[in-house]
Amino acid sequence: MAKNILIVDDSASVRQVVSIALRGAGYEVQEGCDGKDALSKLKGQKVHMIISDVNMPNMDGISLVKAVKQLPAYKFTPIVMLTTESQESKKREGQEAGAKAWIVKPFKPDQLLGVVQKLVLP
Amino acid sequence: MPNMSSTTTLSPAGAATPFATGLRGLRPHAWHCTLLGAAGGISTWAASGWNAWAAIGGGVLLAAGVIFDRQRALVERRRQARTAAFVSGTEALGRELLPVWGAHIESSRQQMETAIAELSQRFGGIVDRLDQAMKASSMAAGSSDSASHGLVAVFDRSTQELNAVLESLRKATASNSEMHAEVQNLGSFVTELQQMAAEVASIASQTNLLAINAAIEAAHAGESGRGFSVLAQEVRKLSAMSGETGRRMTDKVNLVGQAIAKARQSAEASAAREIASISVCEGSINGVLSGFHNVTQALVESADVLKRESIGIQSEICEALVQLQFQDRVSQVMSHVRQNIEQVPGELAASREGFERTGDLQPVDAAALLAALQKTYAMAEEHTTHRGGSVSAPASEEITFF
Numbered sequence: 001m002a003k004n005i006l007i008v009d010d011s012a013s014v015r016q017v018v019s020i021a022l023r024g025a026g027y028e029v030q031e032g033c034d035g036k037d038a039l040s041k042l043k044g045q046k047v048h049m050i051i052s053d054v055n056m057p058n059m060d061g062i063s064l065v066k067a068v069k070q071l072p073a074y075k076f077t078p079i080v081m082l083t084t085e086s087q088e089s090k091k092r093e094g095q096e097a098g099a100k101a102w103i104v105k106p107f108k109p110d111q112l113l114g115v116v117q118k119l120v121l122p
Numbered sequence: 001m002p003n004m005s006s007t008t009t010l011s012p013a014g015a016a017t018p019f020a021t022g023l024r025g026l027r028p029h030a031w032h033c034t035l036l037g038a039a040g041g042i043s044t045w046a047a048s049g050w051n052a053w054a055a056i057g058g059g060v061l062l063a064a065g066v067i068f069d070r071q072r073a074l075v076e077r078r079r080q081a082r083t084a085a086f087v088s089g090t091e092a093l094g095r096e097l098l099p100v101w102g103a104h105i106e107s108s109r110q111q112m113e114t115a116i117a118e119l120s121q122r123f124g125g126i127v128d129r130l131d132q133a134m135k136a137s138s139m140a141a142g143s144s145d146s147a148s149h150g151l152v153a154v155f156d157r158s159t160q161e162l163n164a165v166l167e168s169l170r171k172a173t174a175s176n177s178e179m180h181a182e183v184q185n186l187g188s189f190v191t192e193l194q195q196m197a198a199e200v201a202s203i204a205s206q207t208n209l210l211a212i213n214a215a216i217e218a219a220h221a222g223e224s225g226r227g228f229s230v231l232a233q234e235v236r237k238l239s240a241m242s243g244e245t246g247r248r249m250t251d252k253v254n255l256v257g258q259a260i261a262k263a264r265q266s267a268e269a270s271a272a273r274e275i276a277s278i279s280v281c282e283g284s285i286n287g288v289l290s291g292f293h294n295v296t297q298a299l300v301e302s303a304d305v306l307k308r309e310s311i312g313i314q315s316e317i318c319e320a321l322v323q324l325q326f327q328d329r330v331s332q333v334m335s336h337v338r339q340n341i342e343q344v345p346g347e348l349a350a351s352r353e354g355f356e357r358t359g360d361l362q363p364v365d366a367a368a369l370l371a372a373l374q375k376t377y378a379m380a381e382e383h384t385t386h387r388g389g390s391v392s393a394p395a396s397e398e399i400t401f402f
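Protein chains in written order, with the numbering used here: chain A, 1 to 122; chain B, 1 to 402.
Treat the hints with care, as some may be off.
[As the list claims (entries may be wrong)] Okay, derived cross-link-like pairs now, DSBU-like style, lysine-lysine, Cα gap no bigger than 35 Å in a straight line:
#1 B:Lys237 to A:Lys41
#2 A:Lys90 to B:Lys307
#3 B:Lys135 to A:Lys3
#4 B:Lys307 to A:Lys118
#5 B:Lys135 to A:Lys108
#6 A:Lys36 to A:Lys91
#7 A:Lys108 to B:Lys252
#8 A:Lys36 to A:Lys75
#9 A:Lys41 to B:Lys135
#10 A:Lys90 to A:Lys108
#11 A:Lys36 to B:Lys375
#12 A:Lys46 to B:Lys262
#13 A:Lys46 to A:Lys91
#14 A:Lys100 to A:Lys46
#15 A:Lys36 to A:Lys90
#16 A:Lys91 to B:Lys375
#17 A:Lys66 to A:Lys91
#18 A:Lys108 to B:Lys375
#19 A:Lys91 to A:Lys75
#20 A:Lys100 to A:Lys75
#21 A:Lys90 to A:Lys100
#22 A:Lys69 to B:Lys375
#23 A:Lys108 to A:Lys41
#24 A:Lys100 to B:Lys375
#25 A:Lys118 to A:Lys3
#26 B:Lys307 to A:Lys3
#27 A:Lys46 to A:Lys3
#28 A:Lys36 to A:Lys118
#29 B:Lys375 to A:Lys66
#30 B:Lys135 to A:Lys75
#31 A:Lys41 to A:Lys90
#32 A:Lys46 to A:Lys36
#33 A:Lys118 to B:Lys262
#34 A:Lys41 to A:Lys69
[What the hints assert, rightly or not] According to the in silico footprint, chain B covers these stretches of chain A (three or more CB under 8 Å from chain B):
#35 16-27
#36 31-37
#37 74-87
#38 98-104
To be clear, the hints were calculated from the coordinates, so they are not data collected in a lab.
Every residue gets a Cβ at the ideal spot worked out from N, C-alpha and C, and that includes glycine.
Work out the full structure, taking the sequences as your base and the hints as a guide.
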């Protein structure tokens with residue numbers, strides 16, 4: 001059974017690029033346009049990994065990580081931040097919130113796949 | 001687009017309130033020359049001992065002071081009106097023009113977002129279709145490792161089955177050769193039978209000769225040999241019958257011999273035809289297999305070329321997808337600039353309010369705006385640009401594991 005990955009980004013093109021990379025490797029991909037949308041997508045289905053942007057409207061990526069970690073079903077789900085943010089202070093915020101990795105855009109599909117394969121839940 | 005009526009706010013008419021405020025601020029100074037003229041006139045008049053002509057001179061001084069004050073007030077009013085118009089126009093610039101700039105930036109950002117998303121989707125479609133074409137081609141050609149019913153597999157199975165057919169034909173020919181050898185052996189039996197028939201005929205002839213001699217001897221014996229004579233006659237009959245049987249045997253054996261010879265000739269001809277036929281079949285099968293092999297090989301090579309090209313194209317598209325991510329970065333920069341532009345009208349309005357309140361020009365707080373802009377930055381190159389540095393396309397290699 002294919003692993004289900006949720007990509008959260010307010011940029012449709014970024015969601016599209018991530019989807020292409022992951023679907024090509026055999027993963028199922030769900031899309032959310034911000035933190036709130038992502039939380040609604042988590043209900044009623046099993047998600048094996050979350051890839052999220054940081055700066056988004058309605059709910060930003062760091063808040064999303066904190067909110068996801070409060071959900072019992074997703075407490076151990078790996079979350080990877082995929083963002084243009086490269087400031088160390090922001091990275092620390094992500095790490096403290098519970099993110100597992102921080103990828104600075106632009107990313108190469110192969111690099112993203114490497115991170116996903118390393119962290120995705122079995 | 002800004003409407004034409006909005007431009008009226010840039011005219012001096014909009015400066016009435018600040019103008020009045022300005023005048024209020026100027027009044028204490030507006031009578032300085034008049035007072036000076038009055039004082040000079042009274043002093044002159046008094047110094048002349050209240051002479052009438054001196055009074056006229058004093059009046060002239062007073063009038064000059066009044067005229068000078070009026071002129072100065074007029075110039076000041078005009079300057080204040082221009083300043084107020086400038087302040088009001090600048091605020092109108094922030095209120096009317098900057099939102100339009102912001103709207104244009106946002107519109108461009110959204111259009112770029114939509115276009116890039118669609119472009120990415122099309123690239124994704126190309127990658128998917130290439131993948132499907134590659135799989136279909138590999139499966140049809142059977143060049144993939146797991147293919148069990150591709151062209152290569154069909155060729156291998158066809159080769160095996162046709163070789164089995166050839167082998168079975170060769171076995172049938174070998175079996176015919178054995179039968180032919182058996183027929184050859186039958187020829188030697190016929191010869192033996194012919195010799196045996198000849199021996200039977202010879203025995204019959206000798207028996208007949210003995211019976212003749214026995215009859216002669218019986219005649220010599222007279223009445224006493226009569227019985228023996230009858231016996232000799234019967235023996236002669238038997239020998240004649242044996243001789244006839246021997247001849248018939250010879251005839252039949254000859255016929256059998258001829259039939260066997262004919263059968264042998266037919267078998268030899270049939271075997272020769274079979275061998276020739278098998279040789280032709282073998283040649284045809286090898287020819288067909290060779291042609292099939294060439295076609296299969298060409299298709300496999302073609303599938304390999306397609307696979308290589310597809311992988312190359314997919315790799316190129318992946319690179320293109322990396323480059324397309326510039327949209328996200330540009331979009332963020334545009335959003336940050338737009339947000340900062342949206343803050344400018346507030347600063348300009350505060351500046352106008354300060355001017356109206358105090359009558360003094362209030363500078364726009366550029367440092368606050370710059371600080372607010374800097375606070376929105378997410379990317380290192382935004383900070384670099386802010387400091388006046390130049391940036392190149394960022395490399396995609398920064399991954400941090402926690």
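- Query: Does A:Lys66 pair with A:Lys91 here, judged by a C-alpha cut-off of 35 Å?
  - Reply: holds, 14 Å
- Message: Hinted pair, alpha-carbon criterion (35 Å max): A:Lys69, B:Lys375. Please report holds or violated.
- Response: holds, 28 Å
- CA of A:Lys46 to CA of B:Lys262, is that 35 Å or under? violated, 88 Å
- Item | Proposed proximity, A:Lys3 with A:Lys46 (alpha carbon, max 35 Å) | holds, 9 Å
- Would the pair A:Lys91 and A:Lys75 pass a check requiring their Cα atoms to be no farther apart than 35 Å? holds, 20 Å
- Message: Hint check: A:Lys36 vs A:Lys75, CA-CA at most 35 Å. Holds or violated?
- Response: holds, 17 Å
- Given pair status - B:Lys375, A:Lys36, alpha carbons within 35 Å: OK: A:Lys36 and B:Lys375 at ~24 Å, within 35 Å.
- Taking only the CA atoms, is the gap from A:Lys46 to A:Lys91 under or equal to 35 Å? holds, 27 Å
- Task: For the pair supplied as a hint, A:Lys90 and B:Lys307, confirm whether the alpha-carbon distance does not exceed 35 Å.
- Result: Given pair A:Lys90, B:Lys307 is violated - Cα atoms ~43 Å apart, limit 35 Å.
- Message: Between the stretch 98-104 of chain A and chain B, are there enough contacts, at least three residues with CB-CB distance under 8 Å, for the coverage claim to hold?
- Response: holds (count 6)
- Within 35 Å, alpha carbon to alpha carbon, are A:Lys100 and B:Lys375? holds, 26 Å
- Given the hint that A:Lys108 pairs with A:Lys41, test it: the Cα-Cα distance must not exceed 35 Å. Distance ~26 Å between A:Lys108 and A:Lys41 Cα, so the pair holds.
Violated hints for the displayed structure, listed by number in ascending order: 1, 2, 7, 12, 30, 33 and 36.
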